[in-house]
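Engineer: If you read the protein sequences in the order shown, they are chains B and L.
Under full-length UniProt numbering, think of the first position of the first sequence as 1, with each following residue one higher.
Under full-length UniProt numbering, think of the first position of the second sequence as 1, with each following residue one higher.
To be clear, the hints were calculated from the coordinates, so they are not data collected in a lab.
The C-beta atom is built at its ideal place from N, Cα and C for all residues, glycine as well.
Some hints here could point you the wrong way.
Looking from chain L toward chain B, a few residues come up when the C-beta cut is under 10 Å (computed) [claimed, not checked]: (1) F135; (2) F136; (3) Y141; (4) G147; (5) Y177; (6) F206; (7) C209; (8) R237; (9) G261; (10) Q316; (11) K320; (12) V324; (13) Y327; (14) I329.
Protein chains: 2
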Amino acid sequence: MAETSASPTLLLKDELDIVIPTIRNLDFLEMWRPFFQPYHLIIVQDGDPSKIIKVPGGFDYELYNRNDINRILGPKASCISFKDSACRCFGYLVSKKKYIFTIDDDCFVAKDPSGKEINALQQHIKNLLAPSTPFFFNTLYDPYREGTDFVRGYPFSLREGVPTAVSHGLWLNIPDYDAPTQLVKPLEKNTRFVDAVMTIPKGTLFPMCGMNLAFNRELIGPAMYFGLMGDGQPIGRYDDMWAGWCTKVICDHMGWGVKTGLPYIWHSKASNPFVNLKKEYKGIYWQEELIPFFQSAILPKDCTTVQKCYIELSKQVRAKLGKVDEYFIKLADAMVTWVEAWDELNQTGKSSEVPNGAAK
Amino acid sequence: MAETSASPTLLLKDELDIVIPTIRNLDFLEMWRPFFQPYHLIIVQDGDPSKIIKVPGGFDYELYNRNDINRILGPKASCISFKDSACRCFGYLVSKKKYIFTIDDDCFVAKDPSGKEINALQQHIKNLLAPSTPFFFNTLYDPYREGTDFVRGYPFSLREGVPTAVSHGLWLNIPDYDAPTQLVKPLEKNTRFVDAVMTIPKGTLFPMCGMNLAFNRELIGPAMYFGLMGDGQPIGRYDDMWAGWCTKVICDHMGWGVKTGLPYIWHSKASNPFVNLKKEYKGIYWQEELIPFFQSAILPKDCTTVQKCYIELSKQVRAKLGKVDEYFIKLADAMVTWVEAWDELNQTGKSSEVPNGAAK
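If we strip away everything but chain B, and leave its shape as in the complex, we get (with noise of 0.2 Å):
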């Protein structure tokens, strides 16, 4: 029973990178050594780079400062945020795996309601491989999982499904809200387990959080930018939402799905609020004209890759967005350059011409 749960997680054992953004020593991986172990993590260290941060052992990790990253990227290296957690997409530029599952260190093991320990990890790698269904609405929620199908009036011609991009896990315990949300509702926990996961629509956009979500790498990595963030921004807390969006744009156009739902991770404790309103109020605003154009967002037909469809995307920013604020024009430009990394860093057949950081 148990090797067979076990037995999706095993097969991309060499094919997934657990990436990890992080500011402290990392005893969180002691609760997650039983699912974890077995994988490479990619640790990003925000902030100080004399810091130094300790990693359990036993476990099998390269480990990227700020210095790390301005040596290799050199001047690329502006498009990695400081000081903010959308440092950890400089762990999905280096990974050279088709698979990355990334997680924040304050992301604890949640139980399921009969108490059994979720194997998150597992779950996100079950939904990545399973197709989704962004085209039309299964009430029975994922048709691919056992004791589940399609259901009447399911059009025959679309239940094969497309290649899934992203899988976008939930929280138990303390919620992913806003600080205003926070604030009103300081005490507010989310205990409801919802034992579901779904693709969101062709045409729908959602809020992605980037504290339990996996991705196809081989798909959607150049497009997983998570934005200019933290030190020398106007913004933060945005950076997850900014590469949710501008994702769920090119996999509709690249014709990829998107789910979201199972699994839970225990998410241990809230930001502080009023930090966290500083960091937003900018993002609370704007994101009222950045929904209506990402909503908006049409992509030419000769856009065939990720990165044409990120530099598409780049120049409407720029172009529209950049009457919002001059950040759009900064954030645009990263854009570019963050392709241009990601390109750098990921010649096809050249993997071995991969730079290495303090790789253990």
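For chain B, the structure is supplied; the task is to place chain L on it using the hints.
Structural biologist: Structure of chain L alone, referenced to chain B:
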């Protein structure tokens, strides 16, 4: 506790009719007595009108058979199907209430994972009275539910939501599969209780099942037509699907919401897959053309009422689907007849002129 949870139900006691299509004695109502007895029932008897349908004592109901339908609608009775549960929409036509809940007579009370009996009607009322969020996906599902809210990155301008027109409930035990899936998976049962209600995003179609369905009749009633099915028609078991596609397109145009998820009912027995295959087979290939038709249907801005939307849709059905099969010309005519019948029986301020069936 019991009083609190019952109150939203009793709130609508005089504003909701329960519509039940049937060909047999309504013994199934015994199990629903605690939940349904305060409400008025509209029973639409299908098939032989000389057959006596027994209704358990203590229920307040009116019952219409084919003779009543013919008498009340005259020549317009042609739009009401015979020998198919599509006849249920006659009940929507003659109701004078703001809300409708319709349920099949092989549906029983389901239990939640804690073993508590589910008051399906009460959950539908909650769904209908709370707003919908069709313009952006909330990853924690219904943001208006207790213990939940909008997550970070959800635009504040969209948090008021829009009126809810339809609440689509689900089924434990026998899932609502088409005949081919029934044949392939004769023993499959739906045992998964997914504790969620969600808005189906704008622009996304879904397969609406009529087994366990509630709607705001004042908003969307004139579009809740179940089409021409059964006796004398080349198709069956697509009545609710047809209504679902039409109402979703119109709700999207009008800016109203459609929800799916809770409540579950217990669906007791699967219909015969061989009989179903005969009823469905044209629908199974027609739906490959119907879905793209509805996905691309655009209603002009001057369609400011549901009636105008529905007439416009009937024109598009005639023009585009008429080429698929002449059945759709007949159906387009019936759509117009339905709206005429609706307007005749639902003239504003003339509710006293409502014709009676065999009202008890």
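Engineer: Indicate, hint by hint, whether the structure satisfies it.
Structural biologist: Status of the hints after comparison with the structure:
no., hint, verdict
1, F135, "holds (8 Å)"
2, F136, "holds (6 Å)"
3, Y141, "holds (6 Å)"
4, G147, "holds (6 Å)"
5, Y177, "holds (6 Å)"
6, F206, "holds (4 Å)"
7, C209, "holds (7 Å)"
8, R237, "holds (7 Å)"
9, G261, "holds (8 Å)"
10, Q316, "violated (19 Å)"
11, K320, "violated (17 Å)"
12, V324, "violated (14 Å)"
13, Y327, "violated (17 Å)"
14, I329, "violated (22 Å)"
Of the numbered hints given earlier, the model fails hints 10, 11, 12, 13 and 14; all others are met.
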